[in-house]
Amino acid sequence: MTAPMIKMRNVTKVYENGVVALDDVTVDVGKGELAFLTGPSGAGKSTFLKLITVEEKATEGLVEVAGHDLEALRRRDIPYLRRRIGVVFQDFRLLSERTVLENVMLPLTILGLTPAEQRRRALQVLTVVGLAQRKDARPLELSGGEQQRVAIARAIALDPAILLADEPTGNLDPDITWHIMKLFRAINARGTAVVIATHDYDVVRKMDARIIKILDGKLPPGPPA
Amino acid sequence: MKNTGFFLREAFKNIGRGGTLTAAAVLAITFAALIAGIFGTVYYNLRMIYEEVRQELYVDVYMKYEVDEERAAAVGKHLRRLPGVARADYISREKAAEEFVGLFPEDSDLLSALGENPLPASYRVYLAGEERAPEEVARLVEEIKAVDGVDDAVYAQEWLSNLERAARVVGVAGAAVAVVLGAAAILVVISTIGLAVYARRETIAIMKMVGATDGFVRAPFVVEGFLIGVFGGLLALAALYGGVQFLQTYDVAVRFLPETYVGAGLGAFALGGALGSSVAVRRFLKV
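First to last, the sequence lines map onto chains F and H. If you're matching positions, the first sequence starts at 1 in my numbering and goes up one per residue. If you're matching positions, the second sequence starts at 1001 in my numbering and goes up one per residue.
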């Protein structure tokens, strides 16, 4: 395996209120790998993802993302790391007052592309998720599954090295869940490392992929991944 | 900057969304700027009157009564040689009498009743140079008084120094009031934009999640604060201009502020608005 995209060594995260969210976690996610992060609610899945996006910092241990030691990463460099990480949330987190196209264009605007180029790239990824025809709709005019696809389009607009999804299908029907999962798999097939946090074991079982289990902030002992 | 268009659009959208809140911030700025502008106008006008009076300042130098024409000519020579004196016009006793009659025709019989002309000969001394500090004028007048044959030297000293003092008081008071009101206006901008930022914290969090820098998030708000400052300042200027025009229709010789004052004032309020926004948005950037 080439250098891992995400590398954690003995990572512990203790929140200010004393809650131990992660306890001595060591794990690698390779370039182009697809992995499910499973465990019951409150097991530490979200914290795991937040450490990767530098929303939180590890209390102890080493976290490396795309070769960057996050402890050493300067605050002003965080945005540039985040441009290489796409994130999808359970509640989609779309900007409701903007159109689908504008939502997908946002990371491209931030990157400073010309308006024409932003549009072209945004339409391209909207086509990937099958929503190019809804580009002028507002998010709330769309179904939950469609909104999540817009969020995925936004997450992959910058062609990220890593795509993180936090309970991406938590609000969706089973058929739609399946459709979204296939989308993740297709994105992964293009070389993006994908980590999906979910407590939906049915889905995980059907997707033949690596599973990283978290229980009470720990990875249960087993054969090293 | 490559995203200028985006920032401007966002700023205008924010202003539109802000609605009454933004209007309140603009009005707060307008109010502060208007008060500052009124003080500025009063100060500027006093200053201008003062300058004009100073330009036309002359000293009346009265000869002693016993001084004859010959001595008077010698005094005139002396006066003209003094540094700071531009010109000295001789007014003979006869001419003084004529002027008196000209000025007070109803009292002309007073002079003839006296039989003898009681008016002394004098010189009207005009001062040289643009800059005449009141102390300098006072020193020169003392020097003139010491000239042999001179009885007294009179000029509009009291009026001039009163005018200068008034201008200074208005200037200082105006500056103090402008600082206090300006600070209050900036606080209003901080809290207004603070509310706008708070309402958009989710948007900010999303922007940061997709890789926006702090500067990128801050820019539209800073532009918004800048525009609020400019709008407020312009409204105040319009009101002030209207007021000056109104006074002028009643023949009050009030002058409107010169461009430098207008520019400095607008700049200060625009900068204050931008600064206020920058402060307001800072605490929401820690995502």
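Don't read these hints as lab results, they were simulated from the structure. Just so you know, even glycine gets a beta-carbon here, dropped at the ideal spot from N, CA and C. There's no promise every hint is true.
[Unchecked claim] Estimated spans, in silico, between C-beta atoms of each pair:
hint: 1; chain 1: H; residue 1: Leu-1195; chain 2: F; residue 2: Arg-138; range: 21 to 31 Å
hint: 2; chain 1: H; residue 1: Arg-1168; chain 2: F; residue 2: Arg-76; range: 23 to 33 Å
hint: 3; chain 1: H; residue 1: Arg-1201; chain 2: F; residue 2: Leu-215; range: 30 to 40 Å
hint: 4; chain 1: F; residue 1: Lys-182; chain 2: H; residue 2: Leu-1195; range: 38 to 48 Å
hint: 5; chain 1: H; residue 1: Arg-1009; chain 2: F; residue 2: Ala-189; range: 35 to 45 Å
hint: 6; chain 1: H; residue 1: Leu-1187; chain 2: F; residue 2: Ala-116; range: 38 to 48 Å
So, going through the hints one by one against the coordinates:
The hinted range of 21 to 31 Å is satisfied by Leu-1195/H and Arg-138/F, whose Cβ atoms lie roughly 24 Å apart. Separation of Arg-1168/H from Arg-76/F is about 48 Å and departs from the stated range, judged on CB atoms against 23 to 33 Å. Distance hint check for Arg-1201/H and Leu-215/F: the Cβ-Cβ separation is about 33 Å, which falls inside the suggested range of 30 to 40 Å. Between Lys-182/F and Leu-1195/H the Cβ separation comes to about 43 Å, which falls inside the hinted range of 38 to 48 Å.
Checked against the given bound of 35 to 45 Å, the beta carbons of Arg-1009/H and Ala-189/F, roughly 37 Å apart, stay inside it. Evaluation of the 38 to 48 Å hint for Leu-1187/H and Ala-116/F yields a pass: the beta carbon distance comes to about 42 Å.
Hint compliance for this structure: hint 2 alone is broken.
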